[in-house]
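**Student:** This is what each chain is made of:
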Amino acid sequence: MTAAHRRVAVLLVAVWAAASVGVAWRALRGLDRSARSHEALALARTLRGTTPVPAWPAGLTSGDSMAVRTEETPLVVRGRSGELITAPVKDADDWDIVGAVGVAARWRERAAAVALPLAAAFALGAMLLVAVPTVAGSGAAALAAGAAAILGSAALTTGVRLRAAAEALAPAGGDAASLDRLALREPSLALATLALVLLAACAAVAIGAVRWHADTAGRPVRVRETLGAWGFIAPSLVHLAVFTIAPVAFLLWISVHDWDLLASDRPFVGLAHFRELGADPLFWRALRNGLVYALYVPVTMVAALAAALLLDQPLRGIKVLRVVVFLPYVASTVAVALVWQWLLHRDFGLLNAALAAMHLPRVDWLGNPATALPALMLVSAWGQLGYMMVVYLAGLQAIPASLLEAARLDGADAWQRFRLVLWPMLRPVSTYLLLTGIIWSFHGFTLVYVMTEGGPAHATDVLVYRIYQTAWEFRRFDVAAAMSVVLCLLLLALTALQWRTVKGEPADA
Amino acid sequence: MAALSLSRLVKHFAGGVIGVDDVTLTVGDGAFTALVGPSGCGKTTILRCVAGLEEPTSGEVRIGGRDVTWLPPRDRDVAMVFQNYALYPHLTVAENIGFPLKVRKTAPVEAARRVRQAAELLEIGALLDRKPAQLSGGQRQRAALARALVREPALFLFDEPLSNLDAQVRAQTRAELVALHRRLGATMLYVTHDQVEAMTMAQSVAVMAGGRVLQEGPPMALYREPASLAVARFIGSPSINTVAGRTTGTRFEGALACDARVGACTAAVLAVRPEHLVLGPAIDASRASVVLVEPLGPESLVRLRLRSGEDLVARVPGEASCRMGDEVGVRVAPGAGLCFRAGDGARLA
Amino acid sequence: MPDRRARQALGYAAAFVLALLMVAPFLWMLSTALMDEFEVYQAPPPLLPAAPRFANFPEALTALPFTLYFRNSLILAAATVAGQVITAAMAGYAFARHRFAGRTPLFAVYLGTLMIPGIALLVPRFLIVDAMGLVDTVAGLVSVELVAAWGIFLMRQYFLSLPRDMEDAARLDGASEWQVFTRVALPLARPALATVALFAFIDAWKALLWPLIVARSPNLRVVEAGVASFHGMYYANWPWQMAAAVAALVPVLVVFLVAQKAFLRGLAFGGFK
Ligand SMILES: Nc1ncnc2c1ncn2[C@@H]1O[C@H](COP(=O)(O)OP(=O)(O)OP(=O)(O)O)[C@@H](O)[C@H]1O
Ligand SMILES: [Mg+2]
Chain X
0 MTAAHRRVAV
10 LLVAVWAAAS
20 VGVAWRALRG
30 LDRSARSHEA
40 LALARTLRGT
50 TPVPAWPAGL
60 TSGDSMAVRT
70 EETPLVVRGR
80 SGELITAPVK
90 DADDWDIVGA
100 VGVAARWRER
110 AAAVALPLAA
120 AFALGAMLLV
130 AVPTVAGSGA
140 AALAAGAAAI
150 LGSAALTTGV
160 RLRAAAEALA
170 PAGGDAASLD
180 RLALREPSLA
190 LATLALVLLA
200 ACAAVAIGAV
210 RWHADTAGRP
220 VRVRETLGAW
230 GFIAPSLVHL
240 AVFTIAPVAF
250 LLWISVHDWD
260 LLASDRPFVG
270 LAHFRELGAD
280 PLFWRALRNG
290 LVYALYVPVT
300 MVAALAAALL
310 LDQPLRGIKV
320 LRVVVFLPYV
330 ASTVAVALVW
340 QWLLHRDFGL
350 LNAALAAMHL
360 PRVDWLGNPA
370 TALPALMLVS
380 AWGQLGYMMV
390 VYLAGLQAIP
400 ASLLEAARLD
410 GADAWQRFRL
420 VLWPMLRPVS
430 TYLLLTGIIW
440 SFHGFTLVYV
450 MTEGGPAHAT
460 DVLVYRIYQT
470 AWEFRRFDVA
480 AAMSVVLCLL
490 LLALTALQWR
500 TVKGEPADA
Chain C
0 MAALSLSRLV
10 KHFAGGVIGV
20 DDVTLTVGDG
30 AFTALVGPSG
40 CGKTTILRCV
50 AGLEEPTSGE
60 VRIGGRDVTW
70 LPPRDRDVAM
80 VFQNYALYPH
90 LTVAENIGFP
100 LKVRKTAPVE
110 AARRVRQAAE
120 LLEIGALLDR
130 KPAQLSGGQR
140 QRAALARALV
150 REPALFLFDE
160 PLSNLDAQVR
170 AQTRAELVAL
180 HRRLGATMLY
190 VTHDQVEAMT
200 MAQSVAVMAG
210 GRVLQEGPPM
220 ALYREPASLA
230 VARFIGSPSI
240 NTVAGRTTGT
250 RFEGALACDA
260 RVGACTAAVL
270 AVRPEHLVLG
280 PAIDASRASV
290 VLVEPLGPES
300 LVRLRLRSGE
310 DLVARVPGEA
320 SCRMGDEVGV
330 RVAPGAGLCF
340 RAGDGARLA
Chain Y
0 MPDRRARQAL
10 GYAAAFVLAL
20 LMVAPFLWML
30 STALMDEFEV
40 YQAPPPLLPA
50 APRFANFPEA
60 LTALPFTLYF
70 RNSLILAAAT
80 VAGQVITAAM
90 AGYAFARHRF
100 AGRTPLFAVY
110 LGTLMIPGIA
120 LLVPRFLIVD
130 AMGLVDTVAG
140 LVSVELVAAW
150 GIFLMRQYFL
160 SLPRDMEDAA
170 RLDGASEWQV
180 FTRVALPLAR
190 PALATVALFA
200 FIDAWKALLW
210 PLIVARSPNL
220 RVVEAGVASF
230 HGMYYANWPW
240 QMAAAVAALV
250 PVLVVFLVAQ
260 KAFLRGLAFG
270 GFK
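Chains as they are written, first to last, in numbering that gives the first Met the number 0: chain X, 0 to 508; chain C, 0 to 348; chain Y, 0 to 272.
Short, incomplete list of chain X residues facing chain Y, as computed with Cβ under 7 Å:
#, residue
1, Pro234
2, Ala330
3, Val333
4, Trp341
5, His442
6, Val463
7, Ala470
8, Phe476
9, Cys487
To be clear, the hints were calculated from the coordinates, so they are not data collected in a lab. Just so you know, even glycine gets a beta-carbon here, dropped at the ideal spot from N, CA and C.
Required output: the full structure, derived from the provided sequences and hints.
**Tutor:** See below:
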């Protein structure tokens, strides 16, 4: 890229930034004071019933767990951060009031007010720098243009959003019907997507600017390389920070606070949620179910090892088998759950038909608390058998034949050869399979969700399913968080154990 | 075209490994300089510093007078041919050669023309649609060469480009590279650990050891007047004969003796090229027994063992007159003995 | 000799039984999907439909808006594949090839995230996505799985196993760092990219829990959730359920069969997730 191209590119970015500043300004300018405090995103979010409206007026009661019922006429209340409007929301048939919406002024509006002049200044700076071409200025111009683009587009999305909200809500506090329409149209979808795309584009521009600056400037290689490498890592790092690292801290925080959807204060409660769990027989039941469920792993391993021993010889068509055994893993789990539910059907299932043919009594596999969990274990074992067999087969084939021949010459019989040679050699593989298998058994959700819904009588209730129910059906996020902490610790311990063994012995597979 | 100059170049790697230790070297505009030295002496490291693939710890790299020490590789206008050719396996030969033009956004028509031209120059015009995996070693080498010269860089770097070829192709390519150099008039820095390659191809040879340049000069100057024992040992094949002893100021005394006006009385090493050993009757000469005679056609190598136990090689024209087991006298041709100080190997005379 | 023969016969028998065991439920699924709604209610059940009823497929797939669900699943899978492949390639490349300030601690952090079970983070992830206003949006649906630490490690290992000379040659040829990455490193890493993409696709296609909690509105439902809710609505109509299940299977099976090699390579990396 030549210097001229570069200048043109910087100029384009700066112009784009300036244009977004202009549009954002226009969008924000026409808003009247009351309308400006309503924001579509917050509106939709409140509709979902997960974020409390600040300063929820006293006298409103929360009805069922999904939504809040209010009077039919819209209310205008003064909240901490400006006006607040609440209005009833009807369901799609216009029949029942299923919730309320609340709209409040947010920090965004103020942030946009700051971002606008800043973006304008940066854009102007970038253009000036381009107009006066110096070697030193080209990198600075790129950075300024990037900053202007980010701020400008942030202001733009905010402005557009506020405008949309204002137009949808106007006249403020007036007509309930228009509020309904707004809420049910879910204005947040398109806008949020737009915002995300714009943000991603800006991030790309910024990274590109930094990289490109770094590439051309006469800096030490190390600085250049560090900048470049961080640019390469930035996308995944941002994601990990937001969706893995922050959630860990947040999880711990929630688990020791009261997280009531409708209360604005979230007091610290210490270990109260954990104590609640300790006193909850269902939690213990789920934990025990999970441990029993995990037993399918060693059982399947034994079968897989047996199969591998039989198959460890030159056989034709083994490659096909190697593909076929993975079908249960790649197949959609819901589909697998459905077909097994059908196979295990009490009256018309194939399995019971087979039992009947052998004059054995029919079993109500999924309906009987005594057999429901074993039935799920059977399905899981079916899903894992092939994979474990392939891993064992690879392990067997890695054992040098000379070892077995030596043992044979020493007069060891088949069982001794297995016990003294094969089994010790397969130990790392077995440990790996056992630990990863148990870890993954605790992730199982789909089978329970589709086949038994935790029943009958909580016989198949496992931790993940309880967390799901507690949070998304009973709306007790704090208790679910406490449960997640327990699950997390359990799995961390298992993972640590697995990593220790991996470090200790060369893991196969 | 441009001259290359390195001044006080130092490169330390993590963990205290010294790659290059204070190297100052100049390759004149249009010159062909070879860097030779034993494995691990820092030849590749110097090339990588010149190319910008490695950041020097200190020192300066100038190309055509411009300080490029901190410039990224692509701004240095340098091309390099790697030992394993480093052709892009997913691209055809044409695309490989055209790659430098493509990333520099040369117009496609112009790029195609130059690719064809480079390919024809190296006689691989018929292979343009193949992938590197479908080429022989020599063809790959040519493709790599074509990729280097298609963009007409200021400086060519070669990192042992012939070491993966068999002997015959290597000899042929050697000659072609020299011809190419003459034709392009380009500045070239050529790394090899094969001193024959360096001697036959380069106008100037720099001998390296332990990260330092021991001596630089035209091949024959290095051969005749090595500045140190290490250089004397490295240059020449078969390598130079050495014998320990003392200088007396006018003579060297040891298992071999010869005139050596060095003015110092000290422990020393005498080095004599194989062709400078004169075999004759055992009168007034050191006695040696013939261990092996290797006839090479135009000349013969005679391997000898002195009474005192040192092994020597003598090169005699035509067929040797002695046979295995003979006792012969060995003398140093007048003025041909090189004396080096025993401790550091510095040249005495 | 007879001993070896017997062993081989036993081996074939085991292979046959195993293969049958693995395939039988799928065959049964297909067979049931072609039966009449009431044909299945017989004891003993018929193994094959009396007359294959292909109409089950269009009927089942229009009883709920499955086209929409397939579209959503495809969006989810495409975004997951794109996100994971891009980020894994970039970060894996940086970790394998660049020396930079902070690499060691950063790498430790990445390793650490590999240990944390994602399933335990459902609640905070959901609340964070909610706070961003992304619940019930496509962005929220795809957000959490856009990066996989596993893929980053696979790519890093793969890049480490590749020679660096090609990249250096590209640098000298005038490529910028970005061009070195996209024009040389990435094409060379194609097999590893395919593996990351394949596992990302399978995982995204099979995802149920996250779509269930974050995409509550019916028009954001993915196939898995769609089939699950179909199961609740047509509880008694097994042929329809099986038809829906077969339809849900097809894309992922096709992808798997096309890309077996990449699958086995991922497995060799310990990538059974
Ligand atoms: N990236 C590196 N990190 C640490 N040490 C290195 C690195 N690269 C080279 N070295 C060390 O620097 C020294 C010089 O290496 P270099 O590759 O320049 O040798 P060379 O002369 O090219 O050898 P050869 O003829 O075998 O190619 C060696 O001791 C080598 O081990
Ligand atoms: Mg080298």
